[in-house]
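Trainee: Protein chains in written order, with the working numbering: chain A, 1 to 302; chain B, 1 to 82.
What the hints contain is simulated information worked out from the structure, not anything from laboratory work. Watch out, some of these pointers could steer you wrong.
For lysine-lysine, the following DSS-like pairs were computed, each having C-alpha atoms within a straight-line distance of at most 30 Å [said to hold, decoys possible]: (1) K157/A to K242/A; (2) K41/B to K104/A; (3) K79/A to K41/B; (4) K157/A to K169/A.
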Amino acid sequence: MDFLISGTHLNPFLLVAVGFIIGIMGGFFGVGGSFLAGPALFALGVPMNFVVGTDLAHIVGKSVVAAKKHRALGNIDFKFAMFMLPGTIIGVEVGAQIIEYLKKRANVDTPVAIVFIVVLCSISAFMGWESWLTLRRKKGSHGPKTKDVSVMAAHSKRIQGLHLPPMIKLPTSGIKSISVWVIFIVGFIGGLFGGFLGGGAGYIRMPAMVYLLGLPTHIAVGTDLFEVIISAGWGTLSHGMKGNVDILIALVMHTGAAIGAQIGAHATQFFAGPRIRLFFVPLPLIGAAVVVYGLLTGHHLK
Amino acid sequence: MKSKTDTRDLLRAFAIELAVYTVLVTGYFFVALHFLGGWLKEIFDSHRTLYAFVAFALIVGQGILLEAVTTWLLRFFGKKIR
């Protein structure tokens, strides 16, 4: 099938399959799935500026589905999401402007790919270490199996204790007091990565919400999806105006993602927080491996 | 935690839903997207801001539509299995 906007020729069934897998990941881990969608589109031969914009567009449609499911399960902290929003939107715009700057210098692919690899490997290593340590410590305790704990709890308590007014209370997440500025910074960093690398940047925001801010994993998953709708929505408009979105690719991918997201969201009920995080570990590495392959060989997996 | 019977029923419902959904979606993107392609390319080339808003509306609209379809399918086949 010819995709005239980006000038690429792609197998639509392959796009649906990629969307389906990413949908499951998104529903289960609460991330947009750009750590896989971006590298997959790049590997299929889509130019990097279109990878970033198209990935954002596909994620909007997918996150609408998954966030609705999580809202029904009571997994979204709307108050937290609203305070995070300004930082997220500013961050997305800054990221999109950096892409524009690189596009003008005709040098988008390599810097974006390198940042992608570094970010994905770092997240995977950190989450693997944390989940493994938490599960090992949990083995010795007699708490319920689905209880959400983290070895990073002491750090998140310290961050919650930072007194930078205005301070707010987040009853849905069980947080008694936290600075609005801390939430803004996490939102900005997430948005920046979203605007620069594509997707909703859940791979940054979700771990930050759990480990740094101390939100329970299930709430972080649902709230991140809600945030992804806003950040990826803004990113879609911004990149769309800059000519970086092939909406037909996004629509085809999303048909697979819609069903995958339903399956993923239901699956979260069967696992505890640390185990969900441990399952997440190999996924960014797969994305990184695909980018490395494309970068080193220059070949696309058509 | 879910019981084994719950899990089996859920998986069976998903498998049937997936099969029906695949048929619906295949028809959808061959018919709908085929007709949209030319028009979208035209506005992409001439009205970039309009294109951005149309793209946004299309993906949100498809998200809501497919969510309704998948939820209905899941409910319908879930009931049949029970």
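Trainee: All hints, please: hold or fail.
Mentor: Going through the hints against the structure:
1. K157/A to K242/A: Cα-Cα ~41 Å, so violated.
2. K41/B to K104/A: Cα-Cα ~22 Å, so holds.
3. K79/A to K41/B: Outside the cut-off at roughly 40 Å; violated.
4. K157/A to K169/A: Holds. K157/A to K169/A sits at ~14 Å (cutoff 30 Å).
In the structure shown, a violation is registered for the earlier hints numbered 1 and 3, in ascending order.
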